[in-house]
Structure formats: C-alpha cells, structure tokens
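If you read the sequences in order, they're chains W and E.
For the first sequence, the working numbering begins at 17 and goes up steadily by one.
For the second sequence, the working numbering begins at 118 and goes up steadily by one.
If you're looking for bench data, these hints aren't it; they were derived computationally from the structure.
All C-beta atoms in this analysis are idealised placements derived from N, C-alpha and C, irrespective of residue type, glycine included.
Hints may contain errors.
To be verified - Cross-link-like lysine to any residue pairs, in silico, SDA-like; alpha carbons within 25 Å at most:
id, chain 1, residue 1, chain 2, residue 2
1, E, Lys271, E, Leu155
2, E, Lys318, E, Leu303
3, E, Lys318, W, Arg142
4, E, Lys318, W, Val143
5, E, Lys271, E, Trp175
6, E, Lys271, E, His323
7, E, Lys318, W, Leu141
8, E, Lys271, W, Arg142
9, E, Lys271, E, Thr142
10, E, Lys271, E, Trp312
11, E, Lys271, W, Arg192
12, E, Lys318, W, His136
13, E, Lys318, W, Asn138
14, E, Lys271, E, Glu180
15, E, Lys318, E, Thr307
16, E, Lys271, W, Leu141
17, E, Lys318, W, Arg192
18, E, Lys271, E, Pro297
Stated by the list, open to error - DEER-style ranges, computed between Cβ atoms:
id, chain 1, residue 1, chain 2, residue 2, range
19, E, Thr307, W, Phe130, 30 to 36 Å
20, E, Val226, W, Leu210, 27 to 33 Å
21, W, Leu210, E, Val311, 29 to 35 Å
22, W, Arg52, E, Gly276, 40 to 46 Å
23, E, Val311, W, Leu34, 26 to 32 Å
24, E, Arg295, W, Glu49, 14 to 20 Å
25, W, Ile131, E, Ala138, 24 to 30 Å
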Amino acid sequence: MTPFGPSDWLPLFGQFLLMSMLAVGGAITATPEMHRFLVDGHHWLTNQQFISSIALAQAAPGPNILFVALMGWNVGLNAGGGLANGPQGWLTALLGVCVTMVGMLLPSTTLTFFITRWGHRNRELRVVRAFKQGMAPIVVGLLVATGWVLVRGGVETTFNARTVAVALVSMVIVWRTRVHLLWLLGAGALLGALGAV
Amino acid sequence: MKKVNLPSPTEGLATQASAAARPRTIGELYWAFTILALQGFGGVLAVVQRELVERRRWLTLEEFIEDWAVAQILPGPNVVNMSVMLGDRYFGWRGAMAGFAGMLSVPLVVVLAMAVLLENVADTAAGQGALRGMGAVAAGLITATGLKLAPALKSSPLGHAQALAVVVLTFVLVGLVRLPLVWVLLGVGTSACVWAWFCLKQLDEHPVAPARPAPGAEERPRP
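Make the full structure from the sequences, and use the hints.
This is the structure we're talking about:
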C-alpha cells in the first residue's frame, strides 16, 4: 500500500469534488469511479475496506451517502496509523471524513440550493411545471426499478427464495398498511441473523 | 431571508390539494429530518415519503412527487437534496442548512461509532445474515414507495394512462434492460418533459373544467 502523505489530501478532496457533480441518481452510481481511484489507482484503501464501508453505511441508519464518510475514515486510519496510534490516529481519521464528505456534498448541495430556489420562485412558469410533471412518472418507474435491481443483485449473490419472499411481503405491507418501517427492518434483521432467510 | 411567495397557513387550509402543515421553527425542521434520517436503514428514501406526506403532512402526494423528481435529477444524494430544498422553502438559507445538518449530523456520528465499535461484526455469519435480511426488506420498501406514489399520476397533464405507460417504460429500461440511468433520464426524461410542456400549453390555452390561474405570458422570467 502506497503511504498516504500530507500532500495527498488535496488530490483526494479534488477527486470527491469532481465525483459530487457526476453522481446523478445517487452517490452509489459513482462507486465504480471511486473504486478505480481509491483502491486500484492509489491503493489508499484495500478492497475489503471499500466493500465494508458500503455495507456498514447501508446497515446503519441515515442516508447511504455516509459510505463516503466511512471511506474517508478508512483512508485517514491508513494514513495516521489507526486508532491504536492515539490522538494522531483519531485526528487523521476525522480529517479523512471531513475531506471526503465536504468534497462529495459541497458542489452538489450548492447547485441544488440555487436551482431549486430559482425553480420554486418560478414554479408557475410552464417550463418548470413541464419539467416536474414530465419527470413524475419517471420517478415512480425508477423507484420500482431500484427495488427490482436490489432484489436481482441479491439473487445473483446471497439471496435465496425465502429472502425474495421477505422483500415481496414487506413491499405489500408497506404499500397497503402504515406499519412502522422500523418493525419491518428489525424483523428482517432478526430473521437474517437467525439464519431463517 | 424568508421567501415571500410562501402560501400563508390559511391559504394552505383553503385549498384541499395543498398540504396544511409546515414546520413552525428551524429547530423543529432540524429534528424532523434527524428523526427521519435515523429511521432509514438501507436508505432513507421510503421513510421520506412516510414522514413528510403521511405523518407530518408537510407535503401532499402530488407535491412530494414533483419535489422528489427535482431532488432525484440534480447531482448529489436525493434525500440530502430534498432536505436542502424543503429547508430553504420554509426558512430560507438557514432552513436549508438546518435540513442538511438534520439529515447528516447525528447519522454521521452514529455510523462512525458503529465503525469503531462493530469493526468485525459485519464479517460474522449472524451479522451477514442480518444485513441480508435488512437488504431484502429495504428493497421491498423502495418498491412500495414507488407504488404508493403512482396515484399522484392521476392528475398528470400527460393523461393518467400515458403517465403509467412512461412508468412502465422507465421500469423496463432501468430494471430489465439495465440501461445506464443517465441515458434513461436524457432520453425518456427529456421526451416526457417536452410532451408535458405541450400538454400544459394546450391546457393553459383551452382550459377544461376549473381553469388554472393563467401564468401570464409564457416563458417570461419573473422579476
């Protein structure tokens, strides 16, 4: 693994600034590019660290974008000698979080802020209405497709017939009832941990 | 820096189509997004609709789907975009920052704590099983959110059946054909928007039933 030196923070920041604008349709769409840069290109992260960052962020509460924070955390850990190294290890790990998260979110959020502000001020313009109402059916189609792709990706790796059944049952429950979503996720986690699905 | 064109609470109550509720303070906005984010395992998306439309009633289904379209199309995480967008609408730039912070601050602390404490749990058989089970549920939740939004398409300017056809087309291209998202957005998205523009033009010029307030001369930017 190439040592991560102090001069590497700026390229890391720059790369995430760039990926921020490329991540249309969610940060997860930029992961192949992140892998190429962090793991294959610079060896700042191991493949295992890369995969665990995504898996842990998905298991944790909160937006999936937090996998970027975990990647920064791990780059910082590798750079600062880990938490065993005391305060310096913690500080470089936290610096890694700041650099990747600010890089990933600053450009896209600033753009969103100004565009949506303009869009709301001009919401009676036909162009704005046409954009929102034209995109509405595509959003619905995308959501259904996202769920489908997740299940299909699962079937190609670790899902079996019972796991797919869990996905279908939870879909019907959420669609038709107002059961709290945490109960469903908890039940899914429990069934999985017990090896039932 | 409050927005001047925000509907007053009474206006909101008067029209059935408009959501009646809104956050009263910036603090309420911050905590609403924090609570929302902390319920989102495997992604916050399904929770956003549940919390903002069904529980807090800040948005109607129609408003949600339109805002979500914008949040989804712009670069960046859609749920973060949504929090910035809504925060700005209610409280200006300070609201945008509160929404952003609400969505990320506490969840960031939680995920880092998990990284420190649970370093090896995700590699155990039980840990892997739990992740798999939650992943399956999360996939179901996202699909269900799409199905729940579908009734909002009844009032689509494209027409209900035509809008449903676009839904199916998008699903087939993204879910079955696996085309890259950008192509689908550029191809189907642009076509649907142009189509909607012509339908809206038709409706504005020859209104059927209760007319929309005519938005003046089209394409003229507002001061």
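Margin query: Going through the numbered hints above, which ones does this structure break? Give me the numbers in ascending order.
Written below: As far as the earlier hints go, 1, 9, 17, 18, 19, 21 are violated by this structure, in ascending order.
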